[in-house]
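Visitor: Using the sequences provided together with the hints, build the complete structure.
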Amino acid sequence: MKVDKYDIPEKYYYIKEHEWALIKNTDTAKIGITDYAQKALREITYFYPEKKGVQVKRMETICKIESV
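Each residue of the sequence shown is one higher than the last, beginning at 1 in our numbering.
To be clear, the hints were calculated from the coordinates, so they are not data collected in a lab.
Predicted model, so just to flag it, every value in this text is computed and none were measured.
Be aware that one or more of the hints could be misleading.
To be verified - FRET-style restraints, in silico, Cβ to Cβ:
#1 E50 with M1: 27 to 35 Å
#2 K57 with K2: 15 to 23 Å
#3 K5 with Q55: 19 to 27 Å
#4 G53 with I15: 20 to 28 Å
Built from N, CA and C at the ideal position, the CB exists for glycine as well.
Guide: Structure (structure tokens):
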């Protein structure tokens, strides 16, 4: 789906802080930030993710993003 100039994929779960999760199966999810957030951040200078396959708990920080 597209709203104004932003892509909003369906079947994703969104939160008001502009992050999303796509549930792959009962114990795996793909995460990211919305198209709006990507455009608002302009230039991402660093991305600090957890290692792939790491188990996380609900509401636990799993990455940090820095931008200018």
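Visitor: Each hint needs a verdict: does it hold in this structure or not?
Guide: Tested hints:
1. E50 with M1: 27 to 35 Å: holds (29 Å)
2. K57 with K2: 15 to 23 Å: Taking Cβ atoms as reference, K57 and K2 lie about 34 Å apart, which means the hint is violated.
3. K5 with Q55: 19 to 27 Å: violated (36 Å)
4. G53 with I15: 20 to 28 Å: Hint holds: Cβ distance 23 Å, inside 20 to 28 Å.
Hint compliance for this structure: hints 2 and 3 are not met, and every other hint is.
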